[in-house]
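**Student:** Sequence:
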Amino acid sequence: DGREFTGPGLDHGVFIPFRIMFGNVFTDIPIVEVSFDSSLSPEINWGVGKAVAKLREEGILVLSGGLTVHDLGDYGCFAPETAQPAHIDFDHAIVEAVKVENVRSRKTVLMNLVQHPGFRASHPREDHFVPIYVAAGAGDGGAARVVTDMYGAETVAFGL
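Residue numbering for the sequence shown follows this note's numbering, starting at 1 and increasing by one per position.
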């Protein structure tokens, strides 16, 4: 997996962000992968995030990776110039949901994203979307903000 490690490799959802953040060799960083719940339920996966939230108090980074748009049947979805309006609208809805200041209201808006008209076009399967609920659950109760606003791959922080 690029870490000069002979054991089992890391999932690409872990390996890629760490390689971008820390370069080719990051063997000195302890990493524990936690899978999201296979039900793909937003509420259950919010609970997964809450379950690991205590680690933040010990200075441990909780990183959850996904994409705001992920349709391998339509590669045009990955660029704003070629994405369908449904993809653009859904991506925008996620950004706006994160910006909701009231914690309880933000959770409601985030949970309702799966009802958004552009959700299914943007995510034929929820596996690249559900990680947002793990991250939001880990930061439940705190502020949230959009760190980078890059279409399709925004970076958001929860629990600030």
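Just so you know, these hints were derived from the structure itself, not from any lab.
The structure presented is a predicted model; accordingly, all values stated were derived computationally and were not measured.
Worth double-checking, as some hints may not be accurate.
[Claimed, not checked] Below, computed lysine-lysine pairings styled on DSS-like, alpha-carbon distance capped at 27 Å: (1) Lys54 - Lys99; (2) Lys50 - Lys99; (3) Lys54 - Lys107.
[Unchecked claim] If you anchor each label on the Cβ, the simulated ranges turn out as follows: (4) Ile60 - Glu81: 19 to 25 Å; (5) Asp89 - Asp28: 17 to 23 Å; (6) Leu61 - Met150: 18 to 24 Å; (7) Glu81 - Glu57: 39 to 45 Å; (8) Ser35 - Pro85: 30 to 36 Å; (9) Ala51 - Asp74: 31 to 37 Å.
Here a beta-carbon is modelled for each residue, glycine too, at the ideal position from N, C-alpha and C.
**Student:** Now, for every hint given, state plainly whether the structure supports it.
**Tutor:** For each hint, the structure was consulted:
no.: 1; hint: Lys54 - Lys99; result: holds, 24 Å
no.: 2; hint: Lys50 - Lys99; result: holds, 20 Å
no.: 3; hint: Lys54 - Lys107; result: holds, 19 Å
no.: 4; hint: Ile60 - Glu81: 19 to 25 Å; result: violated, 39 Å
no.: 5; hint: Asp89 - Asp28: 17 to 23 Å; result: violated, 43 Å
no.: 6; hint: Leu61 - Met150: 18 to 24 Å; result: holds, 20 Å
no.: 7; hint: Glu81 - Glu57: 39 to 45 Å; result: holds, 43 Å
no.: 8; hint: Ser35 - Pro85: 30 to 36 Å; result: holds, 33 Å
no.: 9; hint: Ala51 - Asp74: 31 to 37 Å; result: holds, 34 Å
Taken one by one, the earlier hints fail for this structure at numbers 4 and 5, listed in ascending order.
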